[in-house]
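A.B. asks: Top line first, the protein sequences correspond to chains A and B.
Quick note, the first sequence lines up with residues 1 to 406 if you use our numbering.
Quick note, the second sequence lines up with residues 1 to 406 if you use our numbering.
What the hints contain is simulated information worked out from the structure, not anything from laboratory work.
Small disclaimer: the values here were computed from a predicted structure and weren't measured.
Be a bit skeptical, because a hint or two may be false.
[As the list claims (entries may be wrong)] Chain A stretches covered by chain B per the calculated footprint, using a threshold of three residues with CB under 8 Å from any CB of chain B:
# : segment
1 : 86 to 98
2 : 285 to 295
3 : 319 to 330
[As the list claims (entries may be wrong)] Below, computed lysine-lysine pairings styled on BS3-like, alpha-carbon distance capped at 27 Å:
# : chain 1 : residue 1 : chain 2 : residue 2
4 : B       : K120      : A       : K114
5 : A       : K120      : B       : K126
6 : B       : K209      : B       : K316
[As the list claims (entries may be wrong)] The calculated label-pair distances, taken between Cβ atoms and stated as ranges, are:
#  : chain 1 : residue 1 : chain 2 : residue 2 : range
7  : A       : D56       : B       : E193      : 57 to 63 Å
8  : A       : D56       : B       : L318      : 35 to 41 Å
9  : B       : N223      : A       : K221      : 42 to 48 Å
10 : B       : K327      : A       : D117      : 45 to 51 Å
11 : A       : G149      : B       : I213      : 54 to 60 Å
12 : B       : A385      : A       : E59       : 35 to 41 Å
13 : A       : K28       : B       : E285      : 52 to 58 Å
14 : A       : A52       : B       : S334      : 36 to 42 Å
Heads up, the beta-carbon is just placed ideally off N, CA and C, and yes, glycines get one too.
There are 2 protein chains.
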Amino acid sequence: MALVVQKYGGTSVGTVEKIRNVARRVAKTFDAGNDVVVIVSAMAGETNRLVALANDMCEFPSEREYDVLVAAGEQVTIALLSMSLLSMGYNAKSYLGSQIPIYTDNAHSRARIKNIDDKKIREDLKNGTILIVAGFQGVDDQGNVTTFGRGGSDTSAVAIAAALEADVCEIYTDVDGVYTTDPRMVPQASKIEKISYEEMLEMASLGAKVLQIRSVEFAKKYNVVIHVRSSFDDRTGTLVMKEDQEMETVLVSGIAYNKDEDKISIFGVPDQPGIAAQIFTPLGEAGITVDMIIQNVSRDGKTDMTFTVPKSDCKKALRFIEEVALKIGADGVSHDNSIAKISIIGVGMRSHAGIAQTMFETLSTEGINIEMISTSEIKVSCIIAAKYTELAVRVLHEAFGLDSRK
Amino acid sequence: MALVVQKYGGTSVGTVEKIRNVARRVAKTFDAGNDVVVIVSAMAGETNRLVALANDMCEFPSEREYDVLVAAGEQVTIALLSMSLLSMGYNAKSYLGSQIPIYTDNAHSRARIKNIDDKKIREDLKNGTILIVAGFQGVDDQGNVTTFGRGGSDTSAVAIAAALEADVCEIYTDVDGVYTTDPRMVPQASKIEKISYEEMLEMASLGAKVLQIRSVEFAKKYNVVIHVRSSFDDRTGTLVMKEDQEMETVLVSGIAYNKDEDKISIFGVPDQPGIAAQIFTPLGEAGITVDMIIQNVSRDGKTDMTFTVPKSDCKKALRFIEEVALKIGADGVSHDNSIAKISIIGVGMRSHAGIAQTMFETLSTEGINIEMISTSEIKVSCIIAAKYTELAVRVLHEAFGLDSRK
């Protein structure tokens, strides 16, 4: 007997028939003697439909009203799932974010959870009721509806699991776990049994889109064990949890890639104090996130700077940088929109030397030029030409022994 | 400067473009110096879509969850209308039933309004904010979402107008007012300028589907002036209000017809005390509403009973009646599913004699046989063969001078 929090994403509840399947799975968990709290997303396509209505209405929809609008999506799903369970003879009850309540700050469409009132949940669980809670939404101090941004239902689930000190937070998706790399690219990719929060954060931010980053941060903070698994079969998925000794014996847990960044270089920058700030402050103020930054060794009092930005912000960034280049008397600006970032991730790196070197050698053997490098305690990232993405991921996957990993 | 409550139905807010039109009309009312509270229904087709999902899910959806589901429809409209007004530069704010709150009893899908907290509304109005309130929905003492049944947004609007003591409650629909009869049937039908609550109740329950009956009852109780008008033009519509002397000078205000009933007869019923109860109690217990009842004069200790029931309940009613007929030793049962009820309505009847007679003579002149008659203080209804519906309505419309009425 345990307290299980389950979260089902949009594709898992995409049709009435699929919601019925979810109801059966929830019932099975309940019948096994568990207390069950279920968090659901909007039916697949529904959030897009609502967002399209807002965009049809006006160019810059009010954020408060946007949240009221999109929160209607989850409302439909909780009602249908509760109906299904009730018709199967179970006690079930739906809750909107505002009914629990799940209190948040008032940052509409990217609200952060401040507090979850667990009184109603605990009472219902005591009465043998299965709770169905709308993901993605909460309510601020003034009673306004708030939402958490795309993938926010993951965060709802983890936050509720944390508040209830649940034994596990099961996140059901259309994949059966976290893989050593993208299985569509590398058929030999294998499912990871256990992965640390830190590794998962690197995997997620580097382009493995299984869990909302914020939900992993939340889980890490409150030590919630997340079980990522498929809603279409019964197999065990991937546990995202606190790092343990077993994890450290693995050198590299996964290979991630990201083709959504562009590279910008600014040449012949006068090498003097404060120059980096002059270059990057305007970007930061414009809300452009700079990822990797490299500054070359100075020659003749001049240096080159290269950095990456999200593809969608590249044009905007270039406008700022060309202005700055003129002002500081740099020699010129160039950009490259066909790059990829390849990363190897693993907590094992902390205790094993030579891992970065293996990466560089492997890429070099294939004739792949490394344009930029950045490292952290548990990852190494290289920028390469986009056309080599697949090749690089495949050879690294093999080089770090992931092809055969169970 | 007045306080105006406006309600827009599903067809008036059926698309983003139509919602934009509504926003313009609301803005115009506000710009004229009025305080404005707007109540909206779900976009046309949306409630049907949600109900279909519930029916796909299970045969008897939970009433609590049904309300959570369908309430999502109005939520979408209030957000879109607020967005539109805000993008036009007006202060606007959306409210769900639970946010006002509009308190109701807990009779899901047919809840009755108990109390409306007008604090937030009055504060917002003072700040020059246009309020956009979700129709059709409220919240019970326990925080559960409740809804008011089809057409419930009319009741929301009238209830809010009553709570705020608004100067007028404008109900915008796809017709431009209440007509002397169905204009699709009688092209000479004319718009009624003013009609009393009592007449409107008879018109509505007799098949003129402009306003939810309950909203008229509510308006009558709290003396709210309703202005029924079209959202597609600026013309004055019909005022539904307290009876005044002017209304009494009109003999008949309107002709209504209803083809949604069937007639059941039970012959040779032993004429003894308690027999009517024996016949009608099982129907009442089964939730079947009996409308007109006629009992023939008794002959040889036996009598015949004839009554009408909604078409959709006829089969069920027949099963009960055939059982009862056997039990009480009646001679037989028959039914007729091609009848129509034609009614003339007018508060003028109270003070003018001979109106029923004019009706009977007019029908007889056309060779239309009257099968049943029932009367109240302000209406006379006749059951005739369905095939004569149109003819009957037309000749009565002419006979009571409605063709030429302004």
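A.B. asks: Does each hint fit the structure? Answer for all of them.
C.D. replies: Quick rundown of the hints versus the structure:
1. 86 to 98: Three-residue rule met by the segment 86 to 98 of chain A, so holds; n is 6.
2. 285 to 295: Not satisfied, violated; 0 residues make the cut.
3. 319 to 330: violated (count 0)
4. B:K120 - A:K114: holds, 25 Å
5. A:K120 - B:K126: Roughly 36 Å separates the two Cα atoms, so the pair is violated.
6. B:K209 - B:K316: holds, 26 Å
7. A:D56 - B:E193: 57 to 63 Å: violated, 39 Å
8. A:D56 - B:L318: 35 to 41 Å: violated, 51 Å
9. B:N223 - A:K221: 42 to 48 Å: violated, 58 Å
10. B:K327 - A:D117: 45 to 51 Å: violated, 58 Å
11. A:G149 - B:I213: 54 to 60 Å: violated, 45 Å
12. B:A385 - A:E59: 35 to 41 Å: violated, 60 Å
13. A:K28 - B:E285: 52 to 58 Å: Between A:K28 and B:E285, where Cβ atoms are some 40 Å apart, the hint is violated.
14. A:A52 - B:S334: 36 to 42 Å: Violated - the Cβ-Cβ distance for A:A52 and B:S334, about 56 Å, lies outside 36 to 42 Å.
This entry does not satisfy hints 2, 3, 5, 7, 8, 9, 10, 11, 12, 13, 14, going by the numbered hints stated previously.
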